[in-house]
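Chain residues, written in single-letter form:
Protein chains: 2
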Amino acid sequence: MTERDSSMGGLYLIPTPLGDQDPSEVLTPHVLTLVQRLRHLVVENEKSARKFLKAAAPLVPQSEWILYPMDKYTDTEALKSYLEVCTKGIDLGVLSEAGCPGIADPGADLVGYAHQRQISVYPLIGPSSLLLALMGSGFSGQRFVFHGYLPIDKAARKAGIKQAEKTAQTAGETQMWIETPYRNLALLQDFCQQLQETTLLCIACDLSLPTQWIQTKSIGLWKKTDAAFLQKRPAIFLVSAGQLKRKDFSF
Amino acid sequence: MTERDSSMGGLYLIPTPLGDQDPSEVLTPHVLTLVQRLRHLVVENEKSARKFLKAAAPLVPQSEWILYPMDKYTDTEALKSYLEVCTKGIDLGVLSEAGCPGIADPGADLVGYAHQRQISVYPLIGPSSLLLALMGSGFSGQRFVFHGYLPIDKAARKAGIKQAEKTAQTAGETQMWIETPYRNLALLQDFCQQLQETTLLCIACDLSLPTQWIQTKSIGLWKKTDAAFLQKRPAIFLVSAGQLKRKDFSF
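Residue numbers (my numbering), protein chains in the order written: chain V, 13 to 263; chain F, 13 to 263.
Treat the hints loosely; a few may be bogus.
Same chains, same names: a pair is fine if it fits in one copy or spans any two.
What the hints assert, rightly or not - Straight-line alpha carbon distances no greater than 30 Å define the calculated DSSO-like cross-link-like pairs of lysine-lysine that follow:
(1) K170 with K236
(2) K229 with K178
(3) K170 with K244
(4) K166 with K178
(5) K100 with K84
(6) K84 with K178
These are calculated hints, taken from the structure and not from any lab test.
Sequences are here, hints too, so could you generate the full structure?
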C-alpha cells in the first residue's frame, strides 16, 4: 500500500448549509469538531465563510481564521501556494459558498494539486443539492449524468435537451441540470416545449430547507401546473424516461 | 404552488453508515431524532436495518419497529402497498444496506410511487460513497456521469472504457463506476490496459471510514503502483482527461 507522509497536513473538504440554517442542523458533530480545530481555510466567498465559521465555531475569535480566496481571479500558482501550509504539517479546510466543495462549485483544482503533492484529501459528509435531488426524484440512481448548466444559445439548448431525452430513453440514465434561479421558469418552459408528454421531469427546490419542495410528474402534467413559485428558488432539474426503472435495479 | 395534503405521512430517505460505524458518527442529530420517532420502515436488508436501528435509536424496543422488505423479490404491488401507511397519516422511512437509498441502491421505485400518490418525499443528509469520491478525486464536479457497473463481457467492457475516456476528453465529463470489491484489481488492470498513459484515474476506497484511501494519478503511474491493498475494499473508480479542468469552472 502506498503510504502518504503522516507529517503532512491534510486537505479537508467541508460542506456548508444550502440556505440560511445553522451549521449544526446539517453537519455531524464530527465535522463541527473538525471545523473548530482548523484555522486555515480556502474559501469561495469570504463573507459567507465568516458567517459560517461564526456559527460553526462561535468560541474561535474571527481574527484567528486565516482565509485564502478561491474565485475566478485566483490563478493556478496562488491555489498551489495555499497547499504550502499542509507541507508544514498544518491541516487546511476548503469551504464553498453553499454545499459541497468541488461539486457544481469550485474546489476540484485545489484537490487535484493536493493529490499531485501527495497531500491526503478528506471529503466530509454534508448537504449536496444534487445528491438530495437525485434521491428525492424517484429516478434511477444506478446510472445518472449531471450536465451543469444548459447552453444559453437557443439552438444548442434545444439540442442539449433532445439529446438528453434520447439518452434517458436508450440508456435509462437519469439526466440532471442546475439553473440560475431567476431562469427557472424559462427552463421549465423549454422542457415543456422540447420533451415528450410522457417523459418524467422532477423539480427539486430549496433542498434541505424548511421550504423544500420536490415534485416528479410527466411533462403532460407539468404543462398544467402553475409553477410561478419556482422563480428565484435554487432548484435542480431531473429528467427520466421512466420505463426502464425496474429493470435497472441491481441489488 | 401545488400543495400536498398535510394529513398524509411523508416518505423519509435515511442514509446509513458505509461501514461498521455508529450512526452518530455519520448522521446529524436532526436525522437521528427523526429515526427515533419513526416506527415504519422499508428496508433493503432486515438484519443490517435492525443493527442500524439498535444503534441509532437504542431506547426503542426492537419489537416496535415494523419493517417492510425491499429486495429483488419485492414486486411492484407490494412496494405500492407499503405507502398505505402514509395515506393513514403515518411517516414511513426507507433504509438501504449502506449509504443513500436510491443511489446505486434500491429505493427509487418506491419514491416514484410516492410522487404518483402525492406523498411528500424527504431525502436526508448523510454518507454517499459516490459523492465523497467525486469531491475527493479532484475531478470536475461541474459535469459528471455515474455508469454503475461496467459490463462483464470483455468486448463490451473494453468498449465502455474506451467510450468513457473519449467523453472525458471531448466533454470534460468525469466518469464514475462502482465495482464488486473482489473484482477491484481486475478493473484496475482493465483501466491500465485500455486507457492512455496521461489519463487520470482516481480510486477511492473505504470512504468515510478510518481506513479511507483516495488517490488520483495518471495511468502511467498506476501501472507502477502495487495495488494489492485494493482487493475486497469497497471502492469507487473515477476517470478524467484532466486538461479541461480549469476551463470547466463556473463560479
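- [ ] First find the shortest C-alpha distance between K100 and K84 inside one copy, then the shortest across copies, and answer within, between, both or neither for a cut-off of 30 Å.
- [x] within (27 Å within a copy, 52 Å between copies)
Open item on the list: Reference check for the pair K84 and K178, CA-CA at most 30 Å: within, between, both, or neither?
Closed with: This pair counts as between: shortest inter-copy Cα distance 28 Å, intra-copy 34 Å.
- [ ] Give the relationship of K170 and K236 under a CA distance limit of 30 Å: within one copy only, between copies only, both, or neither.
- [x] So K170 and K236 pass the 30 Å test inside one copy only (21 Å; across, 45 Å).
TODO: First find the shortest C-alpha distance between K229 and K178 inside one copy, then the shortest across copies, and answer within, between, both or neither for a cut-off of 30 Å.
DONE: Only inside one copy: K229 and K178 sit 18 Å apart there, 34 Å across copies, limit 30 Å.
- [ ] State whether the alpha carbon distance between K170 and K244 is at most 30 Å within one copy, between copies, both, or neither.
- [x] within (22 Å within a copy, 45 Å between copies)
Task: K166 and K178: within-copy, between-copy, both or neither at 30 Å Cα - done: The answer is both: 18 Å in one copy and 26 Å across copies each meet 30 Å.
Comparing the model with each earlier hint shows no violations; every hint is respected.
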